[in-house]
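K.L.:
So the chains spell out like this:
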Amino acid sequence: MRLPRFEYLRPETLGQALSLLAVHKDDAKILAGGTDLLVRMKKGLLKPKALISLKALNELSYIKKEDACIKIGAGASLADIIASDIIQKEAKALFQACGKVGAITLQHYTGTIGGNILQDNRCHHYNQSGLHRSGRQACHKDGGKICYARDEADRCNSTCQSDGATALMALGAGITLARKGGERTIDLADFYTTDGIMPFAIESHELLKEIIIPVQGAKSAYTRLAYRSAIDYPIVCAGVLLKPSDTQKDKIDEARIVVGAIARSPLFLVRESSSLKGKNLNDTDAFKKAADSSMNSASTFAVHNVGSTLKYRCDMVSEMVFQALKKSARAALPTKE
Amino acid sequence: MEKILITLNINDKPCEVMVYPNDTLLEVLRDELDLTGSKESCGEGVCGSCTVHMDNKPVRSCLTLAMEATGTKIKTVEGLASGDDLSDLQQSFIDHGAVQCGFCTPGMLMSADALLKDNPRPDEKTIRKALAGNICRCTGYAKIIEAVAHTDNPQDQCPDCKTGSKTKE
Chain G
445 MRLPRFEYLR PETLGQALSL LAVHKDDAKI LAGGTDLLVR MKKGLLKPKA LISLKALNEL
505 SYIKKEDACI KIGAGASLAD IIASDIIQKE AKALFQACGK VGAITLQHYT GTIGGNILQD
565 NRCHHYNQSG LHRSGRQACH KDGGKICYAR DEADRCNSTC QSDGATALMA LGAGITLARK
625 GGERTIDLAD FYTTDGIMPF AIESHELLKE IIIPVQGAKS AYTRLAYRSA IDYPIVCAGV
685 LLKPSDTQKD KIDEARIVVG AIARSPLFLV RESSSLKGKN LNDTDAFKKA ADSSMNSAST
745 FAVHNVGSTL KYRCDMVSEM VFQALKKSAR AALPTKE
Chain V
141 MEKILITLNI NDKPCEVMVY PNDTLLEVLR DELDLTGSKE SCGEGVCGSC TVHMDNKPVR
201 SCLTLAMEAT GTKIKTVEGL ASGDDLSDLQ QSFIDHGAVQ CGFCTPGMLM SADALLKDNP
261 RPDEKTIRKA LAGNICRCTG YAKIIEAVAH TDNPQDQCPD CKTGSKTKE
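Residue numbers (our numbering), protein chains in the order written: chain G, 445 to 781; chain V, 141 to 309.
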């Protein structure tokens, strides 16, 4: 498969990259690892006039701890994140999620965490070859007015299948978007537009620069369901964070439940999360209840577009959330001496 | 769109080659430099048959732009053997019958070679994980995993290790 033609730009500093982006805007795409972008370009889903390569940019691949936060440069490779002690100890969900992306020996060295968050939403009616798509009318995401995933849908129902984003949202992460002459930091949960065609609230002249994970003495876990253990996107995944109370070590002070690969963005389930507040860390009944409720809340968004049957995926939401809750509770429980 | 002259370091030899910005490393290796060991199968990073080493890390050459490979050290399957002397891993693949149609073999060899550099005596689980990104349509995985496991660690009870035990001599 040939790539369509484009102009190749290789800035050497972040400033240069942002200037280029300010000039080219929508005509340019950022090339980091390329494991998502180049595949979409090969399939003809995307024809940018220019690619701005971050290959020569070293200033975006760092992982450090600063002011009770873990700061990750958006250009850090998945392999670096998996190998990092800080992430393994204090952001377990991200560690578990990154280990599941693609195949361990291949995508991990080129794939970046920024690219993982910004990987485009998918749908098995849209992510097809040009030949396949030419045989029928274009869908919403392809510039048409039809949705093949849900009959008579007036908008795109593509699914966000990012492992990293689900884990990061559970960890309560924020992201910094840089543009020429400034930057802004927002909550990852506010980064999504609920529009399947352009799922991210990022301007065309902005670049994802940094991911900030608050460290708050909480334990997190990530679980996912996929057909194969490698080279596959999740069909359901869940990220969970449990923070034990400062005074009573076996009580939950704060919980965050996030379900991914079900809707246009990872879903932060506020009601289910707050239902766990004040509960015991070994209260599996409460976990089961929260997991079942998560299934009901998440299923309303689900469409049949990423493989497997819809019913199975919805049923498994409960299981994924329950397992993640159990995993993080086990890690959060005070060890008996 | 014009061709651009780039220099690639392939198997420790500098190669000057004219490429388009949209040429992938795989296309340049196969079509311009006649290094046809690396294969194109899926073209979208799923099958692993185009795996090459870039700075000693296995990457998919079908999803790497040739322009992005400048300034790095590339090693292809042709660089595993020194002259006519096959590497231990390659010999082990032959001894254990780990090659059926052979299309996935270059990718398997490159992924396994990277693993063996880090961990010369990996257990089966580690090998399976390391080769998870390579697909063999002949489904000859058992032999491939055996070949990798026995490369540096020949087994007495393995009939294949005894016949061509280059590593034992």
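A couple of the hints might just be wrong.
Partial chain G-side listing against chain V, Cβ under 7 Å, derived [unchecked claim]:
1. LEU453
2. GLY478
3. THR479
4. TYR553
5. LEU575
6. LEU669
7. LYS733
8. VAL747
9. ALA776
10. LEU777
Hints were generated in silico from the structure; no laboratory data involved. It should be emphasised that the depicted structure is a prediction, and the values quoted were computed from it without experimental measurement. Note that beta-carbon positions come from the ideal geometry of N, C-alpha and C, so glycine has one too.
K.L.:
Look at each hint and say if it fits the structure.
P.N.:
Verification of the hints:
| no. | hint | result |
| --- | --- | --- |
| 1 | LEU453 | violated (9 Å) |
| 2 | GLY478 | holds (5 Å) |
| 3 | THR479 | holds (6 Å) |
| 4 | TYR553 | holds (4 Å) |
| 5 | LEU575 | violated (14 Å) |
| 6 | LEU669 | violated (17 Å) |
| 7 | LYS733 | violated (36 Å) |
| 8 | VAL747 | violated (24 Å) |
| 9 | ALA776 | violated (28 Å) |
| 10 | LEU777 | violated (28 Å) |
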